[in-house]
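Start from the sequences, fold in the hints, and give me the full structure.
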Amino acid sequence: MDFKQRILTALNHEEPDRVPVMGLLAEPGTSNKILGKPPLAIASMLTNPELRNEIKDIMNSTWNEVLYATFADALEAAIKLGFDANWTTYTLMQVVEDPESKPGLTLHDVWGRAWEIRADEDGDIVVNYIRGLCPTEEEWDAWVERKKPLYDELIKGATDHHKKLADNYRDRILPIGYTSVGVFASTWQQMGFVNFTRFVYQKPDFVKKVIDFQTDLYVKYLDAIMKSGVEVVIGEDDLGQKTGPLFRPELIEKLYGDSYRRISELVHKQNKKLIWHSCGNIYPFLDKFVEWGFDGLLTMEPTAGMELGKVREQVGHRLVLVGNLDVSYLLVRGTREEVEDAVKKAIRDAAKGGGYILAQSHTHRSVDPTRLEWMIEASHKYGEYPISV
Amino acid sequence: MSNDVLEQLKNGLLELDMDTAVEAANSIIEGDDSAAVKDAVGAVTDALQTVGKRFQDGEWFLAELVYAGEIAKDVMNLLSPLMEAGATESAGTVVVGTVAGDLHDLGKNIFINYAKSAGFKMIDLGIDVPTQKFVDAVKEHNPLALGMSCLLTSTDMEIGKVIEGLKKQNLRDKVKVIIGGAALTEGFAASVGADAFAPDAVTGTDIIKEWGVS
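Chains V and W, in that order, are what the protein sequence lines are. At position 82 of the first sequence (counting the first as 1) the number is 82 in the working numbering, and the numbers step up by one without a gap. Counting from 1 along the second sequence, just add 1000 to a position and that's the residue number in the working numbering.
Please note that the accuracy of each hint is not assured.
Said to hold, decoys possible - Using 30 Å as the maximum straight-line C-alpha spacing, the simulated DSS-like pairs for lysine-lysine come out as follows:
hint : chain 1 : residue 1 : chain 2 : residue 2
1    : V       : K310      : V       : K254
2    : V       : K102      : W       : K1133
3    : V       : K156      : V       : K273
4    : W       : K1073     : V       : K254
5    : W       : K1139     : V       : K102
What the hints contain is simulated information worked out from the structure, not anything from laboratory work.
Shown next, in the form of structure tokens:
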């Protein structure tokens, strides 16, 4: 079997020749370490406030090229390590001046979110969500109107980006198109969690209006990714936090159930598979994921108490499971023996009968490439079907 | 003031009904009676304890915890001008902040809301707080506890740096250190020498309450 057959067989809940391994490489720092490349020159410029205009111009004029290079490197790095698949994503951001941030610049994305941008201790670029850009009902209509041209750009960019990556790499690895944002995330993150929570209870009509808008945009965005020719897509919404769901599951069903069903239908109409990514403790949502029509589940964050065996026990083979090797310790500082033991346990807990793809639980820049190599080697050693670990 | 109004206030919080809670608070302040205001503050504290227990028992979810905290905040904002200075004894001072390199404040702010309602004086240092600022605040306020929040695994080592900073200034024995956030675990807390790890804001408030009485 080749990498593509291996992944698609597992996604059909059948046993491939061996347990497939999927990469979640995306962080430039990780790819650079694997490929032996130096950090991007622009990252070191971030520490010099006098260069902020130059950085802004370079990043805004070359956004698509930089993003393509980031994921081309991620795919090259994944191929080098021996992954069967790796995710790729496209988003549209603009660099804007922000005197309150350390480099004097902040990234604003098309979904209405602000991201800090900085260089890490190795000189690689790091971005993190920091706040919403549209925190009030009064600003919403004007915001959408102002951003309209960007939505078309997002849709076109998503198809072009994923198509170019798929065309250039599909002979060596299976690129999986990842949406990198969800309808829930795009709704609350544009206004901030506390504001959103207030609106849910105080202005339900406004919340419904925003959800409808974000669902339409998400569906177009996902459709654009699928037009690129990718065969598997990953949707996402982080529905959990460390100890449980962020919102009552019944409320999520009421607010977002129809959106999720619509997304699944769109993917299945095109005969593709939909894996869903969610961080946090999400046991109460597992049956919902099945009901909403998702084919697979990615992450199952161990630091939030998610256990692969327990998830398999609850959902059986109604969901393909993708994950969940720990990125807080195991793949950062774990010993070879610990990594091997974790791979064996994951295979034992989830791989029988197919429907399992081994992966780290989340992308993380602290993940050590050597530990990833150990993970892949162990999967080859212990993951041959029929499973006997 | 009738007990009905206090019940209405409590129910507003426990049924997540902002209008009912605010209406009750307004009716209390119209009476211009500081004893009644003190009772109202007590009712808010009681209600939030119930909210916290519901969250810890898995009956309520984070959004409900947050919204109950927001209702309490709005009610307390109405009541506070009528609260007599020093009328409510402080349960202790707590300095809190999100560590350097981390700009997230949701968990920290929920903790502040709940700890404030439990009677603590909260000194909020904000986000992206450098080591020295934590150390200086401990020196200045002599708090019962120092709380540090950290969402990102990439910044968790900042907590160790602050604890080392406290040791260097001979302050470590004078303050309890509590940490919380998505990146952290009980094991991590032990490894950097923190006194406690709180998986959520309610547990964090319970922990500092225990410290306050011991």
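(request) Against the structure, test the hints numbered earlier, and report the numbers of the ones violated in rising order. (result) none
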